[in-house]
Every structure is written in C-alpha cells, then in structure tokens.
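Heads up: the sequence lines are chains A and B, in that order.
Position in the first sequence counted from 1, then plus 248, gives you the working numbering.
Position in the second sequence counted from 1, then plus 248, gives you the working numbering.
Worth flagging that the hints you see were computed from the coordinates, not collected in a lab.
Careful: at least some of the hints might be erroneous.
One copy or two, either will do: identical chains are not told apart, so a pair holds if it fits within one copy or between any two.
What the hints assert, rightly or not - Calculated pairs, EDC-like style, for lysine to aspartate or glutamate (alpha carbon to alpha carbon, straight line, at most 20 Å):
1. K526 with E448
2. K544 with D328
3. K274 with D306
4. K274 with E387
5. K314 with D269
6. K268 with D311
7. K489 with D325
8. K313 with D269
9. K268 with E326
10. K268 with D306
11. K525 with E603
From a predicted model like this one, the values you see are computed outputs, not experimental measurements.
2 protein chains.
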Amino acid sequence: MKKTKSNFSNCHHGGIYSVKDSKVVKIDFSSSINPLGISKNVVKSLIKNINLSYIYPDPNCIDLKKDILKYLDCNIDEIDNIITGNGATELIHYFSSAFVRKKVMIPSPTFCEYELASKRNNAKIIYSQVKNDFQIDSEFIVKNGNNPNNEITTVFLCNPNNPTGKDSIKQISEILEKIDGKITILLDESFVEFVNSKDEKRYNHFVNLVKEYDNLVILRSMTKTCGLAGLRVGYAISNKKTIEKMSSKIISWNVNGLAQIAARVALRDKRYLKSAKKIIETERKKIFSVLKKNNKIKPVATDVNFYLIEILGNKSSTELTNTLLSKNNLLVRDCKTFTGMNDKFIRVAIKTPRENKELFRALEKAL
Amino acid sequence: MKKTKSNFSNCHHGGIYSVKDSKVVKIDFSSSINPLGISKNVVKSLIKNINLSYIYPDPNCIDLKKDILKYLDCNIDEIDNIITGNGATELIHYFSSAFVRKKVMIPSPTFCEYELASKRNNAKIIYSQVKNDFQIDSEFIVKNGNNPNNEITTVFLCNPNNPTGKDSIKQISEILEKIDGKITILLDESFVEFVNSKDEKRYNHFVNLVKEYDNLVILRSMTKTCGLAGLRVGYAISNKKTIEKMSSKIISWNVNGLAQIAARVALRDKRYLKSAKKIIETERKKIFSVLKKNNKIKPVATDVNFYLIEILGNKSSTELTNTLLSKNNLLVRDCKTFTGMNDKFIRVAIKTPRENKELFRALEKAL
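Kindly produce the complete structure, drawing on both the sequences and the hints.
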C-alpha cells in the first residue's frame, strides 16, 4: 500500500444504500455484521413489545446498562462507567466533541468516522500507516504521541482494525503502556467479539484495563455483534469522569425504545453469538483455502468476520465491485475510499456457507 | 408568572422515566403525544418488517423524505429542503451547532432543549418572558433582535408553545416580517398538527414561508404527532443551504430502520391523525367545562393537546404531582423546572375520554 495521503472529504460507508438502487443487492458482503442476521429471540421480543413504540424510551438506558455489565462480567461494576449510543458511531462523535482538540492520531487505513469526527472538531490529523503485515505501527504512534511538539490530544484505535481485519493486541498494549497518559485513547472494539479466541478472557482484556488507564475508552457495537444494524445500539466503557464528559454531549432519548429492548435480549442470547462465531471460524478457513487457489487475487489473513482481497491483475477494485454487482447482484466494499488505501483492495464480510460459495463462483468469473 | 430568572442546569423532561420507579405510572399525562398511541397500521407494518432490523438503514432517508413532501403537500418540492432526525430533539442540536453563536433569544417558558443546545454552543441567552395571556412577546423579540448591541444570531420559537399551549401565529408572523433577516429562526411546530383549525392551510402556513424567508427553519415531530415517541423521528424544512449546513453535523444512520418504516406508514395514515384530532377537540371542551368548576385550580385555555393548570391554593405543583402519582398512579408534568415558571403550574396531556375522567376524579381528591 502507498503511504498515507489524506484525501478525506466525507465518510464513505458500505451497505445496500451505498449503491444507486438498493434493490439490486441480493447479498450484501459490504456490511461486516453478524452472518446470522438478527436472532430469533430478538425478533420475538420485538414483536411482543412493538406497542411500546408509543412511549418515550428511558433516556438513561439504566436497564440496558445493567445488562451490559452482566454480559461483560468484567472488573467494572457500575453503570456510571457505561454510556450507550445510537450506534457506536454516535459515541465516536460524543467522544471527539469531548476530547479532540488541536491534533489527533489515526491509523490508516481505518474506519472513516474517526477522521470525520476529528475534522468536525477542527483537529489536524496525523495518520499512522499500518505496516506491511497490516499491523498497527505502535512505535510510530508512541513516538509521535509523546513528542510535545505534535500537540496530540487523542489517538483513535480500531482493534481488530477495519478494513484490515488484524487483531493488534500486542501493539495496542504497548501503546497503552508507553504513551503519555494525558492523551485520550478511543479503542474501538466493534469486531472483537468475532475474534476466534480460545481464551475467553481475551474479550475483556482491554475493558479490564479501564481501571488502570484513565485515558482509555473502549467502544463496542451491538450493531455488528448482534446484527442490529437497523436498530443502532453501541456502548462505551471508561472511568466515570470520562463517561460523564461524553454524556454531557448526549442527545435526549438517543437510543430508541425498540433498540433498547432488542439489545437487552441480544445480550442474553449467548447461543446465537456462539453459533455466529462458529460459522465465522469454519468459513474463515474455507475461504482462504479456496481463494488462495486463484492466482489473480491474494486474500489477506484475517482475525475477524471480514477480510481484504488484494487484486493482483490490472482490474481496479471499482471495476471488480461493479462487475460483481451488475452481473451477480453481490455487493462488496470497494476500499478505494479508505484514506491510505488504493484501488487494489476490496473488503468482504464472512457470511453463511451458501452465501460465501456464491461469492466464490462470482469472483471466478468476474476476475 | 414571575419574570424570567435563569435557573437552567439541565433539561428536565416528563415521561415515565422521570420518576424513580417507572412501573408505578398507570397513565402518563406528562408526555404530550397523540392520545391514540401508535396507529394499528404502523404496528402491522413494523411486525411485517422486523427482520429488516438486521440491515443498515438508509443514511439519507430518501424514501422517508419523499413521503414527507407528499404528506406536507406544500410549495416545497425537493428532498434537499428536508433533514430527518433521531427525534426532533436531535435536529435542535444540529441546528444550534450550525447557527448558534454569541447570543440567542428564547421565549420563557418553553421546551428546555433550546437552552441546552445554546449552552452547549457557549451562547448567552436572552429570555423573552411570555405575556400575561401566555402569548409570545413579539415586540420584545423584534426590538432586542434588531438591536445590534445584543449580537443575537438565533431565535428559538415553539408554536404552539410548550408548555403554555398557545398558538401565536400572528406574533410569529410579525417577528418574521420585522426581525433582521440575518438572524436564523428555529420555529418548532411539534404540536401544530393538533391545533383545531378549520382552515387546513394553517398547517402549511409557515412551511410555505420558507421560500420567502431564508432565515426560517421549521421543525416537526413525528414522535408527538404520530405517537412514535419510542422510535424517534423528526424532520426540519428550510432552504437547501441551511439544510446542508445542518446536515454537515449529522451522525451516520441517525434515523433507525424501524423508525423510517414506521414514519412512512404513519404519514399515510391520515384517518388515524384525524381521529386523534377529533378526540382532542371534543375533550378540550369537556376538560375546561369540568375543571372550571373547581375553584382551587384554574385551567389555562389551550390550542393543542396539552394544557396548563394553575393551582390557586397553597399546594405546590410538586406536592400535587406527588399526590397524584402516589395515590392514583397518574403522572402529570410539574412545571417548576421550566425556566420562567413557578411551582404553581402543572402541565397535563389530553388523552382518551376514559383517561381524562380518571384524572378529573383524582384531581378532585388531591386538591
């Protein structure tokens, strides 16, 4: 990949509404959400409670926060350590409004909302290009963060990183240990629950460090983990003072009533998340063994539920994306619009075996 | 009422979650929403579409905006004149972020979000106390707005005003005509659709003026009109440049997928809104003839679906509110927390005949 050149104008997202006619999309591989869709328990509970749409939702999401604590089962035990949002995205903006000042540091490539939120708060951005193995460059981040001339107030980290799919647990730990404690860190763990970890403690690793590092904010997305993209629920965990600062930016009734209900049921439905993880794990292996055989592309090994495909021939990512859509009604993410990427990568979500097979067949023909 | 003294610290809202134990509320008269609750057509459509909760919603709400245009049937014909929000409240904050600078003018009493949003943008507030007949003081607003020393950038108007219930169409027209065109005006018409108007054009009166007044932004709330409080949908109408400025503050996917579906169905369900208006109209008359007979209180004539009750005896609004809740499980809005009001007023929503009767009986005993 080329070195980072900021061509940021606005956030480009995937999803069926990123194409002109949303109805032409048969399978959406551009949205990296739970391959199982919404859980049946959530559907049942929503149907049962639909009449509550009439009532103003709890503006403080007390019951939801209690259920998040139970779900996390970590060393945090008070709801004052949690803020809930209209999707994790809303919380990125609250965080930025509270903590972004002069300059920020953002890995490149990564989720575009960090750039958008920083720009809205008039901050200059120092990009930290990922290394050749797509891992976060912790050395660069620590060095530049600790240089007082850089006036860095905030660092954004996405782990595992979107769109590279890499879990950089070592690098992030190093950053936390070595970076100036005055620099606030947003660690977006939207995809962490899809990591194939034999050690269940992995999921709480950084959450448990919130007590140790006052400058750490952990972000989680139920949109992705629980397939609630249409309902919008995310949450962040940090020390009470930081949560209070973020909460001072909140819009009244930001998390809607049905979203609160769905989220509470989803958090209890551990079997559903386990099934999704099993599919992702099995499919991850299969996908790589299949795609490696095609010498026109190179799949990038991933730790999560999406992966990059590098296009080795002359075709651009836009050409390939357009062909897959027009000929097969399959939508993948053209990575050209990620700051620090080029037009030789597409991002693909891991979906059900049947759906993934359909993509393999389409790719064979399109390349 | 006393002259305005700003005691604003944070927004206090009504609703069942404003009390310690939400379960003790049998009927919520503190939320001024459609007395019929959510329409049956909306419920049906939500049940049918619940599986779509899995999909990211349209971030631009294109179809919803088209339906809003159809519903309004006014002289505005492009979706670029509309912005949709996670409730009207979110749009108050986008508006403020885009237009509030040094100083703003806000009627008193009124909906607290204007104060909150102004404070968040570091503006000083000049309050314009409503007159003795509870009408907006247009003369004060024009005079102070046009005085360059005041450096007013923005005026917030709520019409009909919450919590006074008065439709100040003449006064607002006068403000629009006479105030400096550089001052941006947010005209919150969240309750306008509940006004008993024989002239259907009333509802579009100010919307149609958006073409004439570049400084005018109209705000509407589907939360209140269509009983979608739990789903959160609001919209604003203005010239394209203003809408673009407000949109530059938007959070990605701010209006959730089920909310978009519900709103589209609700906009077409004109029979439901008509029925609600009929109930409100009939009950409005009944309520006043009943309450006037009680010499311990004085109901304030209203134009909308809620009304003030002035307490004439020694009892405070907090005492009365607490008695109604603890003895009858009925929640009314204690108006003490409105800037510019005192502890002698409660605000009550007009609900169904059976529910209103229950309040009459409880009031008799509680006073």
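So which of those numbered hints doesn't the model satisfy?
Violated: hints 2, 4.
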